[in-house]
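J.: So you can see what is in the structure, the chains are spelled out below.
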Amino acid sequence: MYAQEVKTDGKGVKARDQMTKQELAFQDRIDAFEKIEPKDWMPDAYRQTLIRQIGQHGHSEIVGQLPEGNWITRAPTLERKAILLAKVQDEAGHGLYLYCAAETLGVSRDDLTRDLLSGKMKYSSIFNYPTLNWADMGAVGWLVDGAAIVNQVALQRTSYGPYSRAMVRICKEESFHARQGFDIMMKMCAGSADQKKMAQDALNRMWYPALMMFGPPDKDSVHSAQSMAWKIKVMTNDEGRQKFVNQTVPQIEYLGLELPDKTIKQDAKTTHYSYSQPDWAEFFAVISGNGPCNIDRMAARNKAWDDGAWVREGLMAHAQKSRIAAE
Amino acid sequence: MDPLFQLLLRMGDNTLVLGHRVSEWCGHAPVLEEDIALANTALDLIGQTQMWLGLAGEMENKGRSADDIAFLRDIWDFRNLLLLELPNGDFGQTLMRQFLFDAWHSIQLGHLINSSDPRVAAIAEKAAKEVAYHVERSADTVVGLGDGTDESHARMQAALDYLWPYVGEMFQSDAADLALVKQGIAPNPASLRGDFDALTRRVLAQATLTIPQDNYAQKGGKTGARHTEHLGHILCQMQWLQRAYPGETW
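Protein chains in written order, with the working numbering: chain A, 379 to 705; chain B, 9 to 258.
A few of these clues could be false.
Said to hold, decoys possible - List of simulated lysine to any residue pairs, SDA-like, C-alpha gap at most 25 Å:
hint, chain 1, residue 1, chain 2, residue 2
1, A, Lys575, B, Tyr253
2, A, Lys699, B, Gln214
3, A, Lys681, B, Asp98
4, A, Lys550, B, Glu41
5, A, Lys575, B, Arg251
6, B, Lys134, A, Lys498
7, A, Lys699, B, Ala213
8, A, Lys575, B, Pro11
9, A, Lys498, B, Glu41
10, A, Lys575, B, Gln245
11, A, Lys647, A, Glu660
12, A, Lys565, B, Asp76
13, A, Lys565, B, Glu41
14, A, Lys392, A, Ala410
15, B, Lys137, A, Gly471
16, A, Lys550, B, Gln214
17, B, Lys227, B, His119
18, A, Lys574, B, Lys227
19, A, Lys417, A, Arg394
20, A, Lys565, B, His241
21, A, Lys699, B, Arg145
22, A, Lys609, A, Leu402
23, A, Lys699, B, Arg209
24, A, Lys699, B, Gly71
25, A, Lys550, A, Met564
26, A, Lys681, B, His241
27, A, Lys565, B, Ala213
28, A, Lys565, A, Lys498
29, A, Lys681, B, Glu41
30, A, Lys565, B, Arg209
31, A, Lys681, B, Lys227
32, A, Lys565, B, Pro254
33, A, Lys565, B, Trp258
Treat the hints as calculated values from the structure; they're not laboratory data.
Required output: the full structure, derived from the provided sequences and hints.
T.: Right under this line is the structure:
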């Protein structure tokens with residue numbers, strides 16, 4: 379998931395007898411699966427939670443360009459290079475839709491950008507891991523986009539209309555991303571010993587970070603209850619993670635790779651796969667800024683923004699001159 | 009070298025090398041819309057590379073694919089313009105290089121659409137549609153930044169001054185070019201200068217930029233005789249995987 383540990387304001391979920399009349403009417407609309415639209419009344423905490431979640435989701439798309447951009451100039455074939463370019467372009471486009479969705483809540487793209495660059499707002503922990511060999515481009519598509527899809531498919535049912543509609547469009551492109559990632563893995567696994575080694579290495583490094591994308595276990599996820607009550611979140615962290623593990627383990631077996639977690643076992647009755655939890659201490663270290671790439675990712679984004687200041691100012695000045703000339 | 013093969017390498021290496029340079033911007037652009045536009049431009053260029061180098065391989069008939077040609081040749085076999093292998097510099101330099109190339113590219117493709125070789129004409133027709141958009145965007149950006157703030161103006165003028173010595177190479181004709189003219193396959197490069205000057209003069213005037221007086225031309229890219237030092241570094245990145253793990257499919 380591209381939004382993790384999204385904070386909600388207030389002190390837990392209000393009981394119906396504590397709600398104002400307006401809040402009750404709002405909750406009834408949510409419970410009836412109605413979509414909330416930008417001009418509708420909404421509790422301030424609902425608005426703020428959404429801004430954080432959609433903003434974090436948008437930031438993840440933007441920062442997410444970097445680990446894949448890392449391989450465009452080194453892609454092994456022209457076709458792979460073109461696919462990767464198309465994918466990274468899609469991600470920037472997703473960032474754009476999401477920022478637009480956030481803007482319907484009364485925040486500007488510049489505000490969100492400023493908060494990302496100052497470190498006040500977060501992006502998904504997954505993009506603080508490095509992409510070290512070509513198979514990482516496969517693993518990112520297959521595992522990272524695969525995990526994102528599990529959540530984003532669910533988010534098509536989220537209660538806020540613009541966010542839900544953005545997800546419909548994004549999901550279509552993401553499924554292409556996941557498929558191209560798996561295609562890279564299939565090629566690598568059917569290739570030489572070196573290529574298979576790359577594939578295994580990428581899987582081993584990406585597996586637990588991919589599981590972390592769903593956020594901490596439900597019992598430790600302090601902000602989930604209110605988001606679930608408002609249907610901003612429509613699936614719990616553990617539900618999403620289980621779904622992802624269930625769909626991914628047979629794919630690992632199909633590829634002929636070794637399971638990155640030796641404890642994975644299928645329960646005959648539920649058909650669910652049991653698995654080991656990621657190192658949650660590492661997860662909290664990564665989201666608080668101590669992941670392997672946090673410093674580089676933020677430095678790259680800040681440099682892009684700072685170096686681009688003269689470009690934005692120049693284009694604005696020209697637009698202003700053209701407006702005056704036209705009057 | 010067969011003149012047509014030479015032309016295909018020149019076209020395909022131009023788009024390959026510029027596509028590489030433009031894709032270096034991925035995730036680092038001044039504004040999100042530019043990230044999208046740069047990735048889109050690079051994507052078009054790589055797509056065109058597949059077509060030009062694919063046809064080059066077919067024509068040569070030695071079993072080389074577009075990938076083999078792109079990733080398994082050394083510097084002396086590359087036939088791209090020197091302009092395109094120069095480092096990106098700042099965003100202004102990248103867009104000025106793009107504009108100067110797009111201006112030439114759009115005119116060149118406009119002629120190749122009428123090539124006597126139907127395969128060349130077909131590729132040119134597809135590429136021309138994309139390049140018409142490229143030149144519109146790069147010209148608009150050059151105008152916006154040239155006629156923006158004092159700083160953006162100064163940076164665009166510096167970019168133009170730096171890149172100008174690499175413009176003349178586009179219009180140099182050699183024996184291969186003249187053979188292609190004879191067969192009606194491609195225009196004489198020298199004959200494109202008038203249209204190029206008209207287009208660039210108009211745009212650069214709107215951008216309030218001054219075209220340098222000195223028309224001395226650096227050359228050696230399109231003949232392969234003497235590339236800049238930069239191309240070797242591009243190839244180190246672009247061809248590393250294919251050479252470290254030879255013969256693999258990806």
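J.: For every hint, state whether the structure bears it out.
T.: Here is how each hint holds up against the structure:
For the hint pairing Lys575(A) with Tyr253(B), the CA-to-CA distance comes to about 13 Å; that is within 25 Å, so the pair holds. Proposed proximity of Lys699(A) and Gln214(B) is supported: the alpha carbons are some 12 Å apart, at most 25 Å. A threshold of 25 Å between alpha carbons decides the hint, and for Lys681(A) with Asp98(B) the separation of about 12 Å falls inside it, so the pair holds. Distance hint between Lys550(A) and Glu41(B) is fulfilled; the C-alpha atoms sit about 21 Å from each other, no more than 25 Å.
In summary, the hint linking Lys575(A) to Arg251(B) is supported, as the alpha carbons are separated by about 17 Å, within the 25 Å threshold. The straight-line distance between the Cα atoms of Lys134(B) and Lys498(A) is roughly 46 Å, outside the 25 Å bound, and the hint therefore fails. As the CA atoms of Lys699(A) and Ala213(B) are separated by approximately 16 Å, the hinted pair is consistent with the 25 Å bound. At roughly 44 Å between alpha-carbon atoms, Lys575(A) and Pro11(B) are farther apart than 25 Å, so this suggested pair is violated.
Taking the CA atoms of Lys498(A) and Glu41(B), the gap is about 23 Å. The hint holds against a cut of 25 Å. Between Lys575(A) and Gln245(B), the direct Cα distance comes to roughly 21 Å. Compliance with the 25 Å bound is thereby established for this hinted pair. Between Lys647(A) and Glu660(A) the alpha-carbon distance is near 33 Å, which puts this suggested pair outside the 25 Å criterion. For the suggested pair Lys565(A) and Asp76(B), the alpha carbons sit about 18 Å apart, so the restraint of at most 25 Å is met.
Restraint check: the Cα-Cα separation between Lys565(A) and Glu41(B) comes to about 33 Å, which exceeds 25 Å; the hinted pair is violated. Between the alpha carbons of Lys392(A) and Ala410(A) the distance comes to roughly 18 Å, so the proposed pair stays at or under 25 Å and holds. In summary, the hint linking Lys137(B) to Gly471(A) is supported, as the alpha carbons are separated by about 22 Å, within the 25 Å threshold. The hinted pair formed by Lys550(A) and Gln214(B) fails the criterion: a straight-line CA distance of about 42 Å is larger than 25 Å.
Of the supplied pair hints, the one linking Lys227(B) and His119(B) holds, its CA atoms being roughly 23 Å apart against a limit of 25 Å. Only pairs whose Cα atoms come within 25 Å are accepted, and Lys574(A) paired with Lys227(B) is rejected, the gap being roughly 44 Å. Of the pairs offered as hints, the one joining Lys417(A) and Arg394(A) holds, with about 24 Å between alpha carbons and a cut-off of 25 Å not exceeded. Between Lys565(A) and His241(B), the direct Cα distance comes to roughly 28 Å. Violation of the 25 Å bound is thereby established for this hinted pair.
At roughly 19 Å between alpha-carbon atoms, Lys699(A) and Arg145(B) fall within 25 Å of each other, so this suggested pair holds. With a CA separation close to 15 Å, the supplied pair Lys609(A) and Leu402(A) stays within the 25 Å bound. Distance hint between Lys699(A) and Arg209(B) is fulfilled; the C-alpha atoms sit about 21 Å from each other, no more than 25 Å. Straight-line distance between C-alpha atoms of Lys699(A) and Gly71(B) comes to about 56 Å, which puts the hinted pair past the 25 Å bound.
Under the criterion of a C-alpha separation no larger than 25 Å, the hint pairing Lys550(A) with Met564(A) is consistent with the structure, at around 22 Å. With a C-alpha separation of about 23 Å, the suggested pair Lys681(A) and His241(B) falls inside the 25 Å cut-off, and the hint holds. With a C-alpha separation of about 52 Å, the suggested pair Lys565(A) and Ala213(B) falls outside the 25 Å cut-off, and the hint is violated. For a cut-off of 25 Å, the pair hint linking Lys565(A) to Lys498(A) is broken: about 41 Å separates their Cα positions.
Taking the CA atoms of Lys681(A) and Glu41(B), the gap is about 17 Å. The hint holds against a cut of 25 Å. With a C-alpha separation of about 50 Å, the suggested pair Lys565(A) and Arg209(B) falls outside the 25 Å cut-off, and the hint is violated. With a C-alpha separation of about 34 Å, the suggested pair Lys681(A) and Lys227(B) falls outside the 25 Å cut-off, and the hint is violated. Taking the CA atoms of Lys565(A) and Pro254(B), the gap is near 15 Å; set against the 25 Å cutoff, the hint holds.
Only pairs whose Cα atoms come within 25 Å are accepted, and Lys565(A) paired with Trp258(B) is accepted, the gap being roughly 6 Å.
The earlier numbered hints that this structure contradicts are 6, 8, 11, 13, 16, 18, 20, 24, 27, 28, 30 and 31.
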